[in-house]
Amino acid sequence: MATASTATTVSLKLLIDKKGKRVLYAEAGKDFVDFLFNVLLLPVGTVIRLLAKEGMVGCLANLYKSVENLGDAYLQPTTNKDTLLKPKYSSSLAADVPLFLPNTESSTTLGFYRCSYGRNSDCRLYYANDPTSTCPCCSSVMYSPATLVNPPNKVSTSSAVANEGCYVKGVFTYTIMDDLTVTPMSTISIIAILNKFKAQRVDALEEKVVDVGIKEGVAILKASLQSKTVLTSVFLTQKAWKTGSKWSKCLMLLLLSWLFFILTN
Numbered sequence: 001m002a003t004a005s006t007a008t009t010v011s012l013k014l015l016i017d018k019k020g021k022r023v024l025y026a027e028a029g030k031d032f033v034d035f036l037f038n039v040l041l042l043p044v045g046t047v048i049r050l051l052a053k054e055g056m057v058g059c060l061a062n063l064y065k066s067v068e069n070l071g072d073a074y075l076q077p078t079t080n081k082d083t084l085l086k087p088k089y090s091s092s093l094a095a096d097v098p099l100f101l102p103n104t105e106s107s108t109t110l111g112f113y114r115c116s117y118g119r120n121s122d123c124r125l126y127y128a129n130d131p132t133s134t135c136p137c138c139s140s141v142m143y144s145p146a147t148l149v150n151p152p153n154k155v156s157t158s159s160a161v162a163n164e165g166c167y168v169k170g171v172f173t174y175t176i177m178d179d180l181t182v183t184p185m186s187t188i189s190i191i192a193i194l195n196k197f198k199a200q201r202v203d204a205l206e207e208k209v210v211d212v213g214i215k216e217g218v219a220i221l222k223a224s225l226q227s228k229t230v231l232t233s234v235f236l237t238q239k240a241w242k243t244g245s246k247w248s249k250c251l252m253l254l255l256l257s258w259l260f261f262i263l264t265n
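Going by UniProt numbering, the sequence shown opens with residue 1, and the numbers climb by one from there.
Some hints here could point you the wrong way.
Below, a list of computed lysine to any residue pairs in the SDA-like style, where the Cα atoms sit at most 25 Å apart [to be verified]:
#1 13 to 236
#2 228 to 62
#3 18 to 181
These are calculated hints, taken from the structure and not from any lab test.
Predicted, not measured: the structure shown is a model, and the values here were computed from it.
Construct all of the structure, not just a fragment, from the sequences and the given hints.
So, in structure tokens, the structure goes:
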């Protein structure tokens with residue numbers, strides 16, 4: 001599995017119903033699950049820029065419910081579900097998430113400023129993100145730079161697992177359904193999935209390993225807003241014949257006719 005903060009691609013193992021031409025589920029590790037959960041942190045403006053103002057429909061609700069339903073045993077000790085369910089976007093939260101989406105963040109860093117006068121103790125209570133703001137206490141211009149300090153990590157360093165970063169633990173494997181429902185993987189859950197889709201014959205199933213990079217990340221985000229079958233839409237869409245032009249199909253028919261003529265004469 002690729003390292004989260006430096007990953008350019010990550011592998012997924014798909015179980016495919018060949019007859020139904022659909023993905024039953026994907027087997028994924030921490031990197032991909034962190035990427036999916038981090039979608040909930042994306043500001044609306046970022047999603048609009050990435051997907052050219054596509055409507056917000058599809059499977060995002062399933063991601064939301066997956067976080068709600070995931071037990072604390074599978075989460076990092078520092079993970080607060082409210083950071084995903086009621087997000088206030090912070091780039092530091094997503095620092096260890098694989099970069100499977102283009103960077104759309106502004107190169108301008110948001111600054112913080114305090115009162116330039118500062119002799120009154122009440123002036124220290126106010127901060128602004130605009131250096132032309134006026135202090136409510138003394139009416140001085142608030143142009144003195146202030147530094148935003150992150151809270152210290154309260155997790156004990158004795159646990160190596162606690163230092164993995166991001167949202168879920170890497171010691172577990174996760175099942176990603178076609179509609180992006182995420183659950184911890186187990187033998188019982190796999191049997192339940194196979195029974196649900198009535199996949200009784202092994203020869204009707206196929207395993208396929210795919211790589212997820214920026215192209216696939218954008219496609220997954222877009223499909224999650226449009227479809228209930230995200231994995232099938234992204235990884236099993238057969239464009240060559242179904243979406244090919246009429247001319248390409250005509251040329252193929254002409255070629256087959258020519259071969260038939262050669263073989264019969």
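Q) Would the pair residue 228 and residue 62 pass a check requiring their Cα atoms to be no farther apart than 25 Å? A) 10 Å, holds
Q.
So if I understand the rule, the pair passes when the alpha-carbon distance is 25 Å or less; does residue 13 with residue 236 pass?
A. 13 Å, holds
(Q) Please verify whether residue 18 and residue 181 have alpha carbons no more than 25 Å apart. (A) Holds, at about 21 Å.
No hint from the list above goes unmet by this structure.
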